[in-house]
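Work out the full structure, taking the sequences as your base and the hints as a guide.
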Amino acid sequence: MAKKTYDLLFKLLLIGDSGVGKTCILFRFSDNHFTTTFISTIGIDFKIKTVELRGKKIKLQIWDTAGQERFHTITTSYYRGAMGIMLVYDITNEKTFDDIVKWLRNIDEHANEDVEKMILGNKCDMEEKRAVSRERGEAIAREHGIRFMETSAKANVNIERAFNELAEAILDKTAGGREPDADHARIAVERRPSRAQHQRACCT
Amino acid sequence: MERVQKSASDVEGRRNLAGERGGRFGLRPGGGAAGEGGYAEWLHAMRLVARLPAGVPQHFRKKLWSTLADRHLSARGVDWPAAERACFRGTAQPDDAELGAQILKDLHRTGCSLFCGAEGRENQAMLRRVLLAYARWNKEVGYCQGFNMLAAIILEVMDKSESDSLKASRIYFFLMKAKTNNFYVQVMIYLVEAVLPEGYFADDLRGLSADMAAFRDLLRLRLPRLAHHMDQLQRASDAGGGVEPPLPDVFTMQWFLTLYATWLPRESLLRIWDLVLLDGNEVLLLTALAIWDLLQERILSARTADEYYSCMGGGVRAVWEAGDALVARVVALGSVPELPRLRSLHRYRVAPPEAPTQPPLYQPPLHTAMQTMTKKGLRLFYSEDEGDSSDDGNKLALATLAPLQMIPRRDDRLAAGDRLSLDIGALKRQYARLRERQRQAHVILAAACARHAAVGVSTSPTSLTVNNLLLGKSAIVSSRGRRLGPPPGSVPPTRQTDTKVKSEHHNRGKRNDTISWKEEQNLKSLSRRNSVKWKDIKREKSSREGSKSFNRPR
Numbered sequence: 003m004a005k006k007t008y009d010l011l012f013k014l015l016l017i018g019d020s021g022v023g024k025t026c027i028l029f030r031f032s033d034n035h036f037t038t039t040f041i042s043t044i045g046i047d048f049k050i051k052t053v054e055l056r057g058k059k060i061k062l063q064i065w066d067t068a069g070q071e072r073f074h075t076i077t078t079s080y081y082r083g084a085m086g087i088m089l090v091y092d093i094t095n096e097k098t099f100d101d102i103v104k105w106l107r108n109i110d111e112h113a114n115e116d117v118e119k120m121i122l123g124n125k126c127d128m129e130e131k132r133a134v135s136r137e138r139g140e141a142i143a144r145e146h147g148i149r150f151m152e153t154s155a156k157a158n159v160n161i162e163r164a165f166n167e168l169a170e171a172i173l174d175k176t177a178g179g180r181e182p183d184a185d186h187a188r189i190a191v192e193r194r195p196s197r198a199q200h201q202r203a204c205c206t
Numbered sequence: 125m126e127r128v129q130k131s132a133s134d135v136e137g138r139r140n141l142a143g144e145r146g147g148r149f150g151l152r153p154g155g156g157a158a159g160e161g162g163y164a165e166w167l168h169a170m171r172l173v174a175r176l177p178a179g180v181p182q183h184f185r186k187k188l189w190s191t192l193a194d195r196h197l198s199a200r201g202v203d204w205p206a207a208e209r210a211c212f213r214g215t216a217q218p219d220d221a222e223l224g225a226q227i228l229k230d231l232h233r234t235g236c237s238l239f240c241g242a243e244g245r246e247n248q249a250m251l252r253r254v255l256l257a258y259a260r261w262n263k264e265v266g267y268c269q270g271f272n273m274l275a276a277i278i279l280e281v282m283d284k285s286e287s288d289s290l291k292a293s294r295i296y297f298f299l300m301k302a303k304t305n306n307f308y309v310q311v312m313i314y315l316v317e318a319v320l321p322e323g324y325f326a327d328d329l330r331g332l333s334a335d336m337a338a339f340r341d342l343l344r345l346r347l348p349r350l351a352h353h354m355d356q357l358q359r360a361s362d363a364g365g366g367v368e369p370p371l372p373d374v375f376t377m378q379w380f381l382t383l384y385a386t387w388l389p390r391e392s393l394l395r396i397w398d399l400v401l402l403d404g405n406e407v408l409l410l411t412a413l414a415i416w417d418l419l420q421e422r423i424l425s426a427r428t429a430d431e432y433y434s435c436m437g438g439g440v441r442a443v444w445e446a447g448d449a450l451v452a453r454v455v456a457l458g459s460v461p462e463l464p465r466l467r468s469l470h471r472y473r474v475a476p477p478e479a480p481t482q483p484p485l486y487q488p489p490l491h492t493a494m495q496t497m498t499k500k501g502l503r504l505f506y507s508e509d510e511g512d513s514s515d516d517g518n519k520l521a522l523a524t525l526a527p528l529q530m531i532p533r534r535d536d537r538l539a540a541g542d543r544l545s546l547d548i549g550a551l552k553r554q555y556a557r558l559r560e561r562q563r564q565a566h567v568i569l570a571a572a573c574a575r576h577a578a579v580g581v582s583t584s585p586t587s588l589t590v591n592n593l594l595l596g597k598s599a600i601v602s603s604r605g606r607r608l609g610p611p612p613g614s615v616p617p618t619r620q621t622d623t624k625v626k627s628e629h630h631n632r633g634k635r636n637d638t639i640s641w642k643e644e645q646n647l648k649s650l651s652r653r654n655s656v657k658w659k660d661i662k663r664e665k666s667s668r669e670g671s672k673s674f675n676r677p678r
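Which chain is which? The protein sequence lines are A and B, in order.
Heads up: take any position in the first sequence, counting from 1, add 2, and you land on my numbering.
Heads up: take any position in the second sequence, counting from 1, add 124, and you land on my numbering.
In short, the hints are calculated from the structure, not lab data.
Check each hint, because a few of them may be wrong.
Here are the simulated DSS-like cross-link-like pairs (lysine-lysine), alpha carbons at most 27 Å apart as the crow flies [to be verified]:
1. A:Lys51 x A:Lys175
2. A:Lys49 x B:Lys186
3. A:Lys156 x B:Lys229
4. B:Lys186 x A:Lys104
5. B:Lys187 x A:Lys97
What follows is the structure in structure tokens.
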């Protein structure tokens, strides 16, 4: 068996209303590239990028979803496997901010309980069109106990930081984050031991 | 016009080359001898042309598509001028704001160079008009992300079909604007409503989910090694948590929604579209089969789900480079006779449970009989006079599914989400009812299976019945370890040939078509006595009723 090129695999998910810039954030992070002429995400898509955190090579499998409402049912099957979820809104569009609550409920319903969450207010380069203040973003994040950041895929603000922070938070949770034993961590993360044990306990 | 006529004779030449009997052939179906026969002949000829190595000539494509669309509308008896006025009204409609906002967001996101930059402005405006017109035409579907790509491709075909000199003239532009819009919308209508299965774009995309599930079954039949490998990778990554969605889904979803718009080079893409428009939506699944076949070796070398996703990056390139070779594969694959059966199975199952007051939003067209059975649920098994419209395989499927389908998943997270009442008391009552029904179904099935054995038919389930919502889940087991669900083997599916079904047909005359509860009660056969008795269950239930109320494992 060939050697693995990474130590840990983290699955992340990007959700949020249509047009808030999920795909742009992902492209900025994975390809360091920005264009407005992307294809709108149809259904679901993914990108893969390997980062290094605390001396560990971490492969990020990042799932990007379509924002239009009718896609929600079909994309929720991808929530469960996610270890981290980025919830994106557009600071120039109040409705996308209001919908954050709806998206959080979606996460509660479909994602793993211990999933790491993060709220991103994107398009923060467009200060002149701002409709949602940073304070409101911070407030809702605080209220739900979630990390928050304002980002701009276009101006490359906070994009890498956001992904790194989310990945670190997941790393902290995994056994590998606390124990130096990497081999153990590999198994632990992929199997999510707490969950599996929990389930087995349920069935008997 | 000369070019067009030339192409027509060109096509005729090809057709003769293809060994068809000679006959009149023109741009318009039927030529002089109009009517159904003429159209059928024309359609047949066009199908053959689309299958030739070079396909339909580029400048002929627009005519072909618009003729098909025209035909659909006139067959439906649509008064197009009136519809056109309603669709292209200059004034804003009440529903426009929301629709328009989503359309506006997607105009520059078609992935097509015609709609980018300053030059794309005009094209974007046209795209917007057409998408809005379609949304007004079919309010139920409205606008679905992905339509922008479909409409963009239709525009491109239109664009290429006209000669450049003609396009340059101003008068032409104004004349064509209206015509173009019509062409667009008509082809969109034909594509979405006549060609693609119902529910691909509306109503939580249920039709699409069903087709994705049907395709996974098809993959298991046609490329068993690959399908088995993908299933294994999914299970390995799943670790019992139900966290890994079926591996092909992310790609098939994109393919079916955009008709391969982002996966194939233009010329091959348009050839696939020709086939889809002429032969119907099974070409979509055939194309998916051809692509998976092409990628088979690559995927078989992946050892984990994660490796699979990583290797698909190279897969996109491989498919793109295959181009016409892929179209040839699709043509060579022919047809999918098993598709209607697979589809009806999944269409029936994917639908989430409806609230009792709401009529079903999605009606599978062919299986009304099955549908009424679903609505009636298990009552089917209590009355003698229930229809004999379906075979025993279906009944078995119904018996297992009717109760199972309504049972919430272990963690109570239903896809229907908001629509479900969260009143815990009501849920518990519902739960108790479902458990009871499940038990009844088990008894009936056990009896039915025992009877099968008695008349010399093997009891292993035969049909390809599978509840795709339950795939990968362990069977429901009561607190005492007794299996409550369907008979062993029916979930997950055992893929077998149809020979069993045939043998069942031979045995039909020997017994009744309807599995009826009353009949079971009256039957004093040995198998009846040996099977679990309804009375027993009742007694057992009533004796336990006092002690426990709600003991389903959570």
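Need the status of pair Lys186 of chain B, Lys104 of chain A: alpha-carbon distance at most 27 Å?
violated (44 Å)
Keeping to a limit of 27 Å between CA atoms, is the pair of Lys156 of chain A and Lys229 of chain B held or broken?
Cα-Cα ~17 Å, so holds.
Is Lys49 of chain A close enough to Lys186 of chain B, meaning Cα to Cα at most 27 Å?
Not satisfied, since the Cα-Cα distance of roughly 37 Å exceeds 27 Å.
Holds or violated: Lys187 of chain B with Lys97 of chain A, Cα cutoff 27 Å?
Roughly 44 Å between the alpha carbons, so the hint for Lys187 of chain B and Lys97 of chain A is violated.
Holds or violated: Lys51 of chain A and Lys175 of chain A, Cα atoms, limit 27 Å.
Judged against 27 Å, a Cα distance of about 20 Å means the pair holds.
Figure legend: structure checked against the earlier numbered hints; hints not met, in rising order: 2, 4 and 5.
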